[in-house]
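> Model the full assembly from the supplied sequences, consistent with the hints where possible.
This is what each chain is made of:
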Amino acid sequence: MNRNRINLKIILVLLAILSLPVFSLNLQKPGENPWVLRPFSMVAGFVQEAYMGFVGGIQNTTRTYLNLVDINQQIKKLKEENSQLKAKMLNFDDLNLENQRYREMLKFQDVKHLVLVPAQVIGQDIFAERSVIRISVGSAQGIKKGQAVVHPNGVVGYVLSSSLGSSVVLLVTDRYAVVDARVQRSRARGIVKGLNPTHAELVYLQRTDEVEIGDLVVSSGLDNIFPEGFPIARVDGVQKESSGITQEVLLRPVVDTSQLEEVFVVKQVLAGPPEEKKTEELSSLDLGR
Amino acid sequence: MTDETKNESLNLIIYFVVNLLLLGLQSSLWPSIAGSIPSPHFLMYSLLFFALFHDLKTGAAFLIFSVALYSSYSIVPIEILFFCLACIYVLVNQVKKRVFWPGSSYFTLMSGISVILFHFCYYLFSWMIEDDASGYASIQWGFWLLQLLSTALFAPLFYWIFVRVEAATRGFDTSDVEEAI
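For the protein sequence lines, the chains are A and B, in the order given. Going by our numbering, 151 is the number at position 151 of the first sequence; the sequence numbering is gapless. Going by our numbering, 57 is the number at position 57 of the second sequence; the sequence numbering is gapless.
Calculated from the structure, these hints are not laboratory results. One thing to keep in mind: the hints can contain errors.
As the list claims (entries may be wrong) - According to the in silico footprint, chain B covers these stretches of chain A (three or more CB under 8 Å from chain B): (1) 38–48; (2) 52–61; (3) 123–133; (4) 168–182.
Stated by the list, open to error - Just the calculated beta-carbon pair ranges, DEER-fashion: (5) A:70 to B:171: 49 to 59 Å; (6) B:157 to A:63: 28 to 38 Å; (7) B:53 to A:100: 48 to 58 Å.
Ideal placement from N, C-alpha and C gives every residue a C-beta, glycine not left out.
Laid out in structure tokens, this is it:
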């Protein structure tokens with residue numbers, strides 16, 4: 001009887017000690033998921049997806065209930081005012097807005113030179129300091145590490161790792177995220193680097209390069225991750241030191257990552273249309289403007 | 001397998017599953033409902049409970065499980081997570097030897113302190129370990145304060161739940177909880 005109790009303790013201590021070297025396997029390899037943690041990561045994906053399904057269910061039920069209550073109130077009002085159709089239209093304002101959003105996304109998905117995979121945001125990093133989200137598509141849908149993640153408004157980030165049913169996306173505001181970029185107006189080239197959850201910075205921009213507050217910074221396409229011309233951020237501040245060869249440029253991303261619900265993973269960039277055609281397609285969507 | 005062994009195993013499994021669900025809640029459900037309001041540090045509750053009311057061996061095992069759980073919901077390097085949680089565990093354990101009174105108020109106080117301690121440890125170990133360390137720009141005093149408050153707010157509830165789990169699996173004395181609630 002007593003022997004069994006001791007055995008459990010020994011097993012626990014051995015487990016603790018043996019786990020330490022396993023944990024050190026991913027030392028200085030951000031984004032690399034060691035095999036021992038993959039089941040945990042997969043389970044985390046399932047749990048997050050289940051929670052999002054739960055939230056979706058509650059939202060739908062609440063919306064249905066509120067709509068029903070609202071419709072009842074409106075029917076009474078309509079009987080008095082004899083304008084049933086007008087009131088119904090007001091009632092469906094929310095749905096109209098939602099439809100409009102989906103229409104924009106469908107229009108975006110039709111951009112000819114990109115193969116896009118739609119995804120739902122199912123979770124975020126538990127530490128607010130890291131700008132990371134988890135999306136509902138994974139290796140089963142052909143999602144791989146390094147693929148770009150975009151939104152009709154502009155660049156979101158890129159895939160850091162993918163498991164069977166979900167993927168982890170590093171947002172442009174994370175301090176480990178870097179995107180090769182250009183200032184759209186002056187064509188000056190630099191690197192967008194994440195700073196904190198709300199801001200990024202444009203680094204390696206030469207002191208003589210022309211940049212002003214309000215300028216749009218777009219992807220250069222040279223990193224082979226993001227298609228060329230996608231809006232990343234707007235210039236929020238410029239600081240030139242009295243010495244040095246570069247300047248400090250503060251950026252505010254065009255996509256508010258805290259409000260993200262749906263995104264697209266760029267599975268493939270087709271070489272088809274010429275450069276003017278691509279720009280035409282993207283500009284017709286009013287990206288980031 | 002004796003009843004005691006079974007109960008201890010059951011105890012660990014319950015904490016593991018509860019934490020798995022709580023972390024999912026923190027990363028998925030909370031942002032959907034509360035938006036940008038900082039969520040409580042849910043894992044801190046059970047880590048704190050283990051540091052205060054379990055022996056070192058079980059605590060060490062739980063610490064390893066906690067790190068594995070955390071790493072599945074975050075991209076923070078696993079060694080930083082381990083050092084941060086280990087620091088909190090050891091410090092709470094040492095403080096308990098000097099200052100301790102039973103009840104949820106102590107647990108609430110320690111949960112608040114642990115959250116701030118975690119952020120400081122994270123900042124320190126990031127600076128020591130990471131190539132591109134967490135800079136001054138990433139310090140969010142307002143966020144830390146709000147997370148401290150939200151964690152402290154839910155602490156009595158989790159203390160109550162954990163004491164019930166302990167009472168059912170390890171014969172933990174619940175009299176002080178009854179008084180506190």
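> Against this structure, judge whether each hint is valid.
We went through each hint and held it up to the structure:
Counting residues of the stretch 38–48 of chain A whose CB falls under 8 Å from any CB of chain B gives 6; the rule of at least 3 is met. Remark: the stretch 52–61 of chain A is confirmed as covered by chain B, as 3 of its residues place a Cβ nearer than 8 Å to a Cβ of that chain, reaching the required three. Figure legend: the stretch 123–133 of chain A, annotated as covered by chain B; annotation consistent (9 residues with Cβ-Cβ distances under 8 Å, at least 3 required). Given a C-beta distance limit of less than 8 Å, the hint that chain B covers the stretch 168–182 of chain A holds, as 4 residues qualify and 3 suffice.
Between residue 70 of chain A and residue 171 of chain B, the C-beta spacing of about 54 Å keeps the proposed range 49 to 59 Å intact. Checked against the hint of 28 to 38 Å, the pair residue 157 of chain B and residue 63 of chain A passes, with Cβ atoms roughly 29 Å apart. Restraint check, residue 53 of chain B to residue 100 of chain A: a C-beta distance of roughly 55 Å satisfies the suggested window 48 to 58 Å.
Consistency with the previously given hints is maintained throughout, with no hint failing.
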